[in-house]
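Protein chains in written order, with numbering that gives the first Met the number 0: chain A, 0 to 172; chain B, 0 to 172; chain C, 0 to 172.
One should not assume that every hint holds.
Under the rule of at most 25 angstroms between Cα atoms (straight-line distance), these lysine to any residue pairs were calculated in the SDA-like manner [what the hints assert, rightly or not]:
1. 95(A) / 168(C)
2. 171(C) / 62(A)
3. 169(B) / 116(C)
4. 2(A) / 95(A)
5. 154(C) / 155(A)
6. 169(A) / 52(C)
7. 95(B) / 62(A)
8. 101(A) / 45(A)
9. 169(A) / 16(B)
10. 169(B) / 135(A)
11. 154(C) / 135(A)
12. 169(A) / 51(B)
13. 171(B) / 158(A)
14. 101(A) / 98(B)
15. 169(B) / 52(C)
16. 2(B) / 43(C)
17. 169(C) / 45(A)
18. 169(B) / 157(C)
19. 101(B) / 155(C)
20. 101(B) / 41(C)
21. 169(A) / 155(C)
22. 154(B) / 154(C)
23. 101(A) / 52(A)
24. 101(A) / 16(B)
25. 169(B) / 27(C)
26. 154(C) / 95(A)
Hint data in this document are derived by calculation from the structure and do not stem from the laboratory.
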Amino acid sequence: MSKTIFITGGARSGKSLLAERLAGEFGAPLGYVATGRAGDAEMAERIARHQARRGTAWQTIEEPFALAEAIRGHDGYFNVMLVDCITLWLTNLLLKYDDVAKVVADVRDLTNLFSVSKTPLVLVSNEVGMGIVPENRLARTFRDLAGEANEMIAKASDEVYVTFAGLPLKLKG
Amino acid sequence: MSKTIFITGGARSGKSLLAERLAGEFGAPLGYVATGRAGDAEMAERIARHQARRGTAWQTIEEPFALAEAIRGHDGYFNVMLVDCITLWLTNLLLKYDDVAKVVADVRDLTNLFSVSKTPLVLVSNEVGMGIVPENRLARTFRDLAGEANEMIAKASDEVYVTFAGLPLKLKG
Amino acid sequence: MSKTIFITGGARSGKSLLAERLAGEFGAPLGYVATGRAGDAEMAERIARHQARRGTAWQTIEEPFALAEAIRGHDGYFNVMLVDCITLWLTNLLLKYDDVAKVVADVRDLTNLFSVSKTPLVLVSNEVGMGIVPENRLARTFRDLAGEANEMIAKASDEVYVTFAGLPLKLKG
Numbered sequence: 000m001s002k003t004i005f006i007t008g009g010a011r012s013g014k015s016l017l018a019e020r021l022a023g024e025f026g027a028p029l030g031y032v033a034t035g036r037a038g039d040a041e042m043a044e045r046i047a048r049h050q051a052r053r054g055t056a057w058q059t060i061e062e063p064f065a066l067a068e069a070i071r072g073h074d075g076y077f078n079v080m081l082v083d084c085i086t087l088w089l090t091n092l093l094l095k096y097d098d099v100a101k102v103v104a105d106v107r108d109l110t111n112l113f114s115v116s117k118t119p120l121v122l123v124s125n126e127v128g129m130g131i132v133p134e135n136r137l138a139r140t141f142r143d144l145a146g147e148a149n150e151m152i153a154k155a156s157d158e159v160y161v162t163f164a165g166l167p168l169k170l171k172g
Numbered sequence: 000m001s002k003t004i005f006i007t008g009g010a011r012s013g014k015s016l017l018a019e020r021l022a023g024e025f026g027a028p029l030g031y032v033a034t035g036r037a038g039d040a041e042m043a044e045r046i047a048r049h050q051a052r053r054g055t056a057w058q059t060i061e062e063p064f065a066l067a068e069a070i071r072g073h074d075g076y077f078n079v080m081l082v083d084c085i086t087l088w089l090t091n092l093l094l095k096y097d098d099v100a101k102v103v104a105d106v107r108d109l110t111n112l113f114s115v116s117k118t119p120l121v122l123v124s125n126e127v128g129m130g131i132v133p134e135n136r137l138a139r140t141f142r143d144l145a146g147e148a149n150e151m152i153a154k155a156s157d158e159v160y161v162t163f164a165g166l167p168l169k170l171k172g
Numbered sequence: 000m001s002k003t004i005f006i007t008g009g010a011r012s013g014k015s016l017l018a019e020r021l022a023g024e025f026g027a028p029l030g031y032v033a034t035g036r037a038g039d040a041e042m043a044e045r046i047a048r049h050q051a052r053r054g055t056a057w058q059t060i061e062e063p064f065a066l067a068e069a070i071r072g073h074d075g076y077f078n079v080m081l082v083d084c085i086t087l088w089l090t091n092l093l094l095k096y097d098d099v100a101k102v103v104a105d106v107r108d109l110t111n112l113f114s115v116s117k118t119p120l121v122l123v124s125n126e127v128g129m130g131i132v133p134e135n136r137l138a139r140t141f142r143d144l145a146g147e148a149n150e151m152i153a154k155a156s157d158e159v160y161v162t163f164a165g166l167p168l169k170l171k172g
């Protein structure tokens with residue numbers, strides 16, 4: 000059983016940088032699980048920017064869907080695995096399944112790993128539920144799903160942080 | 000004079016569960032004031048889910064508008080009254096009055112109760128002001144109103160919490 | 000070298016009131032740098048309301064664009080300068096330049112002032128990145144810019160607060 004650290008926060012609030020710093024303390028080999036797909040120019044630019052910042056100590060695994068399998072498949076290989084981010088993973092799954100209950104079942108599979116994984120995990124998510132209720136129904140569904148997933152993951156994690164303006168606030172651990 | 004606890008947070012961030020836990024500590028009889036109306040399938044499903052979770056120790060009062068009157072009318076009857084939620088109550092009032100000042104006056108009536116109510120109160124609200132400024136004017140009006148109401152209620156409360164990912168952060172008390 | 004205090008938070012969450020209270024402790028003469036422009040009725044009403052609340056101890060400087068220059072130009076004149084707010088300043092610059100990199104360069108100019116300004120600064124910003132990803136591309140660009148600017152300013156500040164429901168939470172200092 001190893002440590003699980005969960006980090007949530009708003010857009011560009013310093014989540015990834017905090018995650019890289021906390022994960023970096025475990026030392027190489029460092030595993031980075033990217034759930035985003037370079038589907039458009041904006042995302043491709045963001046992925047490239049993050050990769051350049053992390054540098055060569057990190058080995059990247061791209062996995063938009065089978066996150067639990069990717070973690071299990073590399074268990075014990077890395078000193079730590081950083082997952083960035085949960086929100087994009089949920090987006091990918093919701094678009095694939097079109098079924099909230101199936102996505103929640105995958106989140107449950109992921110949290111069940113925390114207590115058995117030999118490799119410490121650092122997971123990054125987004126806070127998306129503190130704005131006005133979206134008019135779009137899919138956006139409302141996603142907002143509720145993201146809130147529920149964050150709650151499940153935080154509950155199963157050892158340490159939890161929320162970031163504001165690049166500064167972390169410890170919520171648990 | 001009794002204790003007033005105020006809980007705010009994003010969508011599905013664990014506000015209601017925290018409120019039920021804190022209110023539950025006062026012991027039965029437990030009063031639950033529901034301000035939402037099962038006007039559509041989404042809301043009906045949410046109400047049913049929350050009711051099932053609370054179980055039979057709670058007695059539900061449905062009051063979409065006259066919140067202060069409902070609390071006054073049951074004063075001393077319950078060991079605690081949980082109001083879920085302020086945001087839906089504000090929505091109902093704004094749609095009814097179409098006048099922010101009248102809604103704010105009702106919020107003032109509510110906060111004036113805190114120091115005289117014999118029954119402790121636990122109030123749940125939502126944080127809706129941390130997203131991009133909405134393009135829709137009514138949404139902007141509501142966002143400002145919700146912020147102002149939260150501030151008024153927090154000021155008049157003895158304990159205040161904000162929740163993230165199911166985890167509470169104490170702001171006051 | 001003087002103290003810099005940075006305050007972020009959601010809409011109507013008590014940011015300006017906290018800023019005025021913290022700045023007021025430095026005593027008159029108090030400088031207030033307003034970055035908003037009374038371009039429409041909503042904004043004009045908000046500016047008038049804030050001015051009425053501050054009272055006559057404050058001297059107002061209106062500067063929608065050249066914020067660093069305005070601060071430098073008054074250095075040593077006031078006991079403190081309160082900037083309200085960074086978010087409107089970023090909006091003005093983004094609309095003027097249509098170039099995120101140029102706006103970020105202006106933010107860098109501003110933060111470079113913090114360590115050399117003789118007058119203490121209190122800066123107010125908004126948290127806009129905790130809602131659903133906006134569908135509008137300009138809104139997404141602004142949301143990312145605001146997050147990056149808040150992070151840069153927080154890093155260069157001595158004290159940082161985030162407000163919820165009128166209550167401050169200290170993040171740094």
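Hint check:
The straight-line distance between the Cα atoms of residue 95(A) and residue 168(C) is roughly 40 angstroms, outside the 25 angstroms bound, and the hint therefore fails. At roughly 36 angstroms between alpha-carbon atoms, residue 171(C) and residue 62(A) are farther apart than 25 angstroms, so this suggested pair is violated. In summary, the hint linking residue 169(B) to residue 116(C) is not supported, as the alpha carbons are separated by about 35 angstroms, beyond the 25 angstroms threshold. A C-alpha spacing of about 30 angstroms is found between residue 2(A) and residue 95(A), which places the hinted pair above 25 angstroms, so the restraint is violated.
Simply put, residue 154(C) and residue 155(A) have alpha-carbon atoms about 31 angstroms apart, too far for the 25 angstroms limit, and the pair is violated. Under the criterion of a C-alpha separation no larger than 25 angstroms, the hint pairing residue 169(A) with residue 52(C) is inconsistent with the structure, at around 35 angstroms. In summary, the hint linking residue 95(B) to residue 62(A) is not supported, as the alpha carbons are separated by about 49 angstroms, beyond the 25 angstroms threshold. Simply put, residue 101(A) and residue 45(A) have alpha-carbon atoms about 28 angstroms apart, too far for the 25 angstroms limit, and the pair is violated.
With a CA separation close to 20 angstroms, the supplied pair residue 169(A) and residue 16(B) stays within the 25 angstroms bound. Using a Cα cut-off of 25 angstroms, the hinted pair residue 169(B) and residue 135(A) is violated, with the two alpha carbons roughly 32 angstroms apart. For the hint linking residue 154(C) to residue 135(A), the alpha-carbon distance of about 36 angstroms lies beyond 25 angstroms, and the restraint is violated. For the hint linking residue 169(A) to residue 51(B), the alpha-carbon distance of about 32 angstroms lies beyond 25 angstroms, and the restraint is violated.
Proposed proximity of residue 171(B) and residue 158(A) is supported: the alpha carbons are some 23 angstroms apart, at most 25 angstroms. For the proposed pair residue 101(A) and residue 98(B), the alpha carbon gap of about 43 angstroms is over 25 angstroms, so the pair is violated. A distance of roughly 29 angstroms separates the Cα atoms of residue 169(B) and residue 52(C); the hinted pair therefore is violated under the 25 angstroms criterion. Our distance criterion of 25 angstroms between C-alpha atoms is broken by residue 2(B) and residue 43(C), whose separation comes to about 39 angstroms.
Taking the CA atoms of residue 169(C) and residue 45(A), the gap is about 30 angstroms. The hint is violated against a cut of 25 angstroms. In summary, the hint linking residue 169(B) to residue 157(C) is supported, as the alpha carbons are separated by about 23 angstroms, within the 25 angstroms threshold. Restraint check for residue 101(B) and residue 155(C): the C-alpha separation of about 43 angstroms exceeds 25 angstroms, so the hint is violated. As the CA atoms of residue 101(B) and residue 41(C) are separated by approximately 19 angstroms, the hinted pair is consistent with the 25 angstroms bound.
With a CA separation close to 21 angstroms, the supplied pair residue 169(A) and residue 155(C) stays within the 25 angstroms bound. At most 25 angstroms may separate the alpha-carbon atoms for a hinted pair to count; residue 154(B) and residue 154(C) exceed this at roughly 30 angstroms. A hinted pair counts as satisfied when its Cα atoms are at most 25 angstroms apart, and residue 101(A) with residue 52(A) does not qualify at roughly 34 angstroms. A threshold of 25 angstroms between alpha carbons decides the hint, and for residue 101(A) with residue 16(B) the separation of about 23 angstroms falls inside it, so the pair holds.
Note on residue 169(B) and residue 27(C): the hinted pairing is violated, with a Cα-Cα distance of about 34 angstroms set against a maximum of 25 angstroms. Of the pairs offered as hints, the one joining residue 154(C) and residue 95(A) is violated, with about 40 angstroms between alpha carbons and a cut-off of 25 angstroms exceeded.
When held up to the earlier numbered hints, the structure conflicts with 1, 2, 3, 4, 5, 6, 7, 8, 10, 11, 12, 14, 15, 16, 17, 19, 22, 23, 25, 26 and fits the remainder.
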